[in-house]
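Between the sequences and the hints, there should be enough to build the whole structure, so can you do that?
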Amino acid sequence: MIPFQYVKPSKQKAAIDTVAKDDTAMFIAGGTNLVDLMKRGIMNPEKLVDINKLPLRKIEKEDGHVRIGALALNGAVAEDKLILEKHPLLSQALNAGASAQLRNMATVGGNIMQRTRCNYFYDTNLPCNKREPGSGCGALQGFNRMHAIFGHSDKCIAVNPSDMNVALVALDAVVLVSGPKGDRRIPFAEFHRLPGDTPQIHTNLQKGELITAVDIPEHPYTKHVNYLKVRDRTSYAFALVSVAAALDLDGSNIKSARLAMGGVAHKPWRLQEAEQFLAGKPATEASFRQAAEIAMRGAKAFEHNQFKLKLGPNTIVQALKNAAAAV
Amino acid sequence: MRQQPCNPSHFMKEYFFQDNMGKPMDRVDGRLKVTGSAKYSAEFELPNMSHGVLVGSTITKGRIKSIDTKAAERAPGVLAVLHYQNSPKVPGYVQAAHPTEPKPIGQPHRVFYDEQVYFNDQPIAIVVADTLERARYAARLVKAQYEEEKHATSFPKHQGKAFLPTAAQRNPKHGLNDYVRGKADAYKGENLKIESEYVIPSEMHNPMELQSIIAHWEAPDRLTVYDKTQAVIGSQNAFAREWKIPVENVKVIATFVGGAFGNGLHTWPHETAAIIAAKKVNRPVKLMLTREQMFTMVGYRPFAWQKVGMSATPDGKITAITHEAIGQTSSYEEFTESTLQQTRMMYTSPNVTTRYRILPLDVSTPIWMRGPGEATGAFALESAMDEMAHVLKMDPLEFRLKNHTDRDPERDRPWSTKFLKEAMLMGAEKIGWNKRQLQPGSLRNGDWLVGYGMGVGTFGAHRNRASAKATMFADGRVVIQSATTDIGPGTGTVMVQIAADALGISPDKIIFELGSSLFPPAPSQGGSATVASVGSAVRDACIALKKKLASLTTGNADSGFRNVKYEDLTFQNGQISLTSSPGTKLSYTDVLKQQKLPEIEVTEESRPSNEERQKYSMYSFSVHFAEVQVHQLTGQVKVTKVVTCADAGKIVNKKTAGNQMIGGAVGGIGMALTEGAVIDDRFGRYVTKDFAEYHIPVHADTPDIDVVFVDKPDFINNAMGTKGIGEIAIIGVAPAITNAIFNATGKRINELPVTPDKLI
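Protein chains in written order, with our numbering: chain L, 3 to 329; chain X, -12 to 747.
It is possible that some hints are incorrect.
Mimicking BS3-like on lysine-lysine, the simulated pairs with C-alpha atoms at most 27 Å apart in a straight line are [to be verified]:
{"#": "1", "chain 1": "X", "residue 1": "26", "chain 2": "L", "residue 2": "41"}
{"#": "2", "chain 1": "X", "residue 1": "496", "chain 2": "X", "residue 2": "535"}
{"#": "3", "chain 1": "X", "residue 1": "641", "chain 2": "X", "residue 2": "26"}
{"#": "4", "chain 1": "X", "residue 1": "625", "chain 2": "L", "residue 2": "323"}
{"#": "5", "chain 1": "L", "residue 1": "312", "chain 2": "X", "residue 2": "572"}
{"#": "6", "chain 1": "X", "residue 1": "130", "chain 2": "L", "residue 2": "41"}
{"#": "7", "chain 1": "X", "residue 1": "583", "chain 2": "X", "residue 2": "496"}
{"#": "8", "chain 1": "L", "residue 1": "323", "chain 2": "X", "residue 2": "734"}
{"#": "9", "chain 1": "X", "residue 1": "699", "chain 2": "X", "residue 2": "10"}
{"#": "10", "chain 1": "L", "residue 1": "302", "chain 2": "X", "residue 2": "231"}
{"#": "11", "chain 1": "L", "residue 1": "312", "chain 2": "X", "residue 2": "734"}
{"#": "12", "chain 1": "X", "residue 1": "408", "chain 2": "X", "residue 2": "602"}
{"#": "13", "chain 1": "X", "residue 1": "602", "chain 2": "X", "residue 2": "496"}
{"#": "14", "chain 1": "X", "residue 1": "734", "chain 2": "X", "residue 2": "745"}
{"#": "15", "chain 1": "X", "residue 1": "57", "chain 2": "L", "residue 2": "41"}
{"#": "16", "chain 1": "L", "residue 1": "323", "chain 2": "X", "residue 2": "745"}
{"#": "17", "chain 1": "X", "residue 1": "496", "chain 2": "X", "residue 2": "642"}
{"#": "18", "chain 1": "L", "residue 1": "209", "chain 2": "L", "residue 2": "60"}
{"#": "19", "chain 1": "L", "residue 1": "312", "chain 2": "X", "residue 2": "625"}
Computed far set for chain L versus chain X, every beta-carbon distance over 12 Å [to be verified]:
{"#": "20", "residue": "28"}
{"#": "21", "residue": "81"}
{"#": "22", "residue": "198"}
{"#": "23", "residue": "295"}
{"#": "24", "residue": "301"}
Read the hints as simulated data drawn from the structure, not as lab findings.
Virtual Cβ for every residue (Gly too), placed ideally from N, Cα, C.
Printed below as a string of structure tokens:
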């Protein structure tokens, strides 16, 4: 264990100031990801600022949206009555992630900030541009079964591992952050980054900025939704491919749709062209198949993840079928 | 039902009162385990304890040029940093083979011996500090420079370099030599035939308890270790030989073992490293591997390639089988296992050819993993059986029944007992085999395709020499000791049941102690042989105890039993009585009290009969049935039902035995669907070395598992009629699942694990 300092402020401003001023300081909430990364020597903060005393745990209905505090636990959000009623897609996505024990420890803010599970990022003796800029991408020519098919660069082909993020991007969520320069709202689709030449920067959060809440605006997707995760074992495994599908149906016709994928890109992957295609179409397997083909445009796979080019569209079709059939 | 090959009545006498054998008795250590009071190796605390952490190599092959330990040595709390340059010498390194192994060709890895690196993450240094945290921190500061050589870690790339194991090359009678019955490769000339290749990746045992040891030199020539091992006597001998000290100066304690599945059958570099470190710092050293180190610093089920060719007559009689296998080993040690035995003796085929080869790579040495060898072999053979049946348009159960053999076709001997046919019919009924359709893809449940599959397994019903000491106290308590271990099957519990029946007393009066080299010697807990071996010793010790009681009684004028023969006495409910006149009785405790004895004790050694073993072939058999659903679009597989059946002699405890069968089925589900360790060949390093990346099945992957026992005793094997279960519980499970996937989808995936990507 590398020694570090640990503080637990009760004021948000104190927490933010501490991290903003100290290059080696990090926020910690549930610690389900950061502690692992510290044990492996992947992240070595010299100061941990525990934010669990901050009043950021509530899930509340506000005007035009539901606000989820950054410290709300994944398990609590998944089982929350308001979430089940208004945002069942989010509940399904959360329950598809990790294990019950982890969901009872992990927070919403922490889940958003979760780092990739790329095998090369996780081993400090292997090359990884994300962990050690300039060392090369181990996965590009290596074992890349779990890796990206969209939005990757020759510097990094890692994927974002979160299930929750896929639902939140589909639902047009907004991330509320507070920093040394004040508060701001970041649309979910703009929160995470593509790797480009700087895969070491995985979000657009600035130094010292703290996620305080997530807003999910009202929407009609309260019934015909499905989060479908295909993985190597039935629970406690990261997605090979996952799909968040939501339909607003008028009889058997689609009024509008939301669609996003996980396990395919460095960020949760929203499929807006496919959504637009679906609007006004009959809710049939044929429409879903066409939407899936549109969704897969531009996909490029590597040696071990060619299967995602087929599993991806198949999973979209099945998730849309499940969503349409949901009662 | 076939006849018993011999009259068992003369064995039955000592078991006239089977009050406990067969009962689903609760585990005697269950409360200790669930309350956390059971102490595992790393949980012992000794005064002045220090903590060791291993540093692994970051290259795969080459030599260490230099090791910089300055920063680590300066770190707080550090007591020593040891490596090949400054490590105390291990005097017996050259002969340090584990005694339970067949004579190895090559040399088990000698930790800190020289500058050579043979595999990635090879331990190259140990840091010892006053706390675990400090040792871990300092271990990160050790930096090595290497002279790297080109390594070979890809099995497919080097497959052509496989060869016949040296042991077989040297001895034409060695069991690993090529085997031919009838005509070699006879299937090739036949019309109705199949030929397929199979690949199984390296699998890690990954027991819940991490490999750990506390090494304590109580004097310069007296060593005590608390060690996670399946063999306290084996480890005792290995350490005594390594350090050239008398065996009795080495004490090995393994009171509880939190699962092992075979990787505690060998001593590993970390154990010697801790003993070296304890010598150097002159304090006890505790060392526990990390989960990542469990992939490299202990053994694993080796990567294997196989090929099966099979032919049959149109009406379903097998005419020929050829089964070839190549198993991975390390560059410094030839690990071999029995992969092809099932093919030699399971079916009637007049022509059988088997060829076994090994392929050394720059990896650590593998070790037996549950169903060692045979689980690998059975995957290929039983998949081929399914494929052949499909070509014949025959039900795979019918095909197996048609080729069932009532005599061992390999050795041309009778079986001691074999009730596999009965097991097959019982299992088929339980899973609802009649629902299975001959044509794959015929059954569905919504978007899911439904299929049924089966697989057969077998493993030698071994029995080894073992001994036990039984002490009866004047208050009626009995303590029995034997240096066996309990890695989870419930050994302590069944030994109490065996002793209770043999002695004619209640189980709650009996304590069975194991896991210490101070107790009378017993073999390692491996090869499904513990109940037959140690159980026989316990039973013999109990009978000897009864004889001693009898002699005390019959020699005593006041007892009412004067000059009565042992054979005319009945031992029941803690009392001796005259069989002919049950009213004449005396309690065991009164016998001791009359003689003013605080206790009586006996030690017995029990050996299998070589004569019987020459006359009969002794195997346990299993058959497993699986029902699966496969999603048409996403390739997800759900195992919806498993029925697992054992023909394993008399079942001593249906609860703990059932527990073993369920565990084996879960292991088989992992083998079939989820497990496989991946090396990035460019670096020679595992890239899947935690539970997030190496997938063992979770509860959500495992359905209700029905266990069926034929429960027919084999009195030729031993007087209790038992045979082993641990191995057959997993052997044949993986092909049952992949055959069910074929039945559901028409897709035959011969490269494990069958993950969703392979089915879309």
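For each hint, the structure was consulted:
Distance hint between residue 26 of chain X and residue 41 of chain L is fulfilled; the C-alpha atoms sit about 26 Å from each other, no more than 27 Å. Distance hint between residue 496 of chain X and residue 535 of chain X is fulfilled; the C-alpha atoms sit about 18 Å from each other, no more than 27 Å. With a C-alpha separation of about 26 Å, the suggested pair residue 641 of chain X and residue 26 of chain X falls inside the 27 Å cut-off, and the hint holds. Pair hint residue 625 of chain X plus residue 323 of chain L holds up; C-alpha atoms about 20 Å apart against a cutoff of 27 Å.
This hinted pair does not check out: residue 312 of chain L and residue 572 of chain X have alpha carbons roughly 80 Å apart, beyond 27 Å. Taken as a hint, the residue 130 of chain X and residue 41 of chain L pair is honoured in the structure, with Cα atoms around 18 Å apart against an allowance of 27 Å. Simply put, residue 583 of chain X and residue 496 of chain X have alpha-carbon atoms about 20 Å apart, close enough for the 27 Å limit, and the pair holds. For the given pair, residue 323 of chain L sits about 25 Å from residue 734 of chain X by alpha-carbon distance, which is consistent with the 27 Å threshold.
For the hint pairing residue 699 of chain X with residue 10 of chain X, the CA-to-CA distance comes to about 15 Å; that is within 27 Å, so the pair holds. Distance hint between residue 302 of chain L and residue 231 of chain X is unfulfilled; the C-alpha atoms sit about 61 Å from each other, more than 27 Å. Of the pairs offered as hints, the one joining residue 312 of chain L and residue 734 of chain X holds, with about 17 Å between alpha carbons and a cut-off of 27 Å not exceeded. Only pairs whose Cα atoms come within 27 Å are accepted, and residue 408 of chain X paired with residue 602 of chain X is accepted, the gap being roughly 22 Å.
Between residue 602 of chain X and residue 496 of chain X the CA atoms are separated by roughly 39 Å; this puts the pair beyond 27 Å, and the hint is violated. Our distance criterion of 27 Å between C-alpha atoms is met by residue 734 of chain X and residue 745 of chain X, whose separation comes to about 9 Å. The suggested pairing of residue 57 of chain X with residue 41 of chain L holds, with an alpha-carbon distance near 22 Å, which does not exceed 27 Å. At roughly 23 Å between alpha-carbon atoms, residue 323 of chain L and residue 745 of chain X fall within 27 Å of each other, so this suggested pair holds.
Between residue 496 of chain X and residue 642 of chain X the alpha-carbon distance is near 21 Å, which keeps this suggested pair within the 27 Å criterion. Of the supplied pair hints, the one linking residue 209 of chain L and residue 60 of chain L holds, its CA atoms being roughly 25 Å apart against a limit of 27 Å. Taking the CA atoms of residue 312 of chain L and residue 625 of chain X, the gap is about 20 Å. The hint holds against a cut of 27 Å. Non-interface status of residue 28 of chain L relative to chain X is upheld: no Cβ of that chain comes within 12 Å, the nearest being about 19 Å off.
For residue 81 of chain L, the non-interface assignment is confirmed: its Cβ lies about 18 Å from the closest Cβ of chain X, beyond the 12 Å cut-off. The Cβ of residue 198 of chain L lies farther than 12 Å from every Cβ of chain X, with a closest approach of about 24 Å, so its non-interface assignment holds. For residue 295 of chain L, the shortest C-beta to C-beta distance to chain X comes to about 14 Å, beyond the 12 Å cut-off, and the non-interface label holds. Every CB of chain X is more than 12 Å from the CB of residue 301 of chain L (nearest about 15 Å), matching its label as outside the interface.
Checked against the numbered hints listed earlier, the structure breaks hints 5, 10 and 13; every other hint is satisfied.
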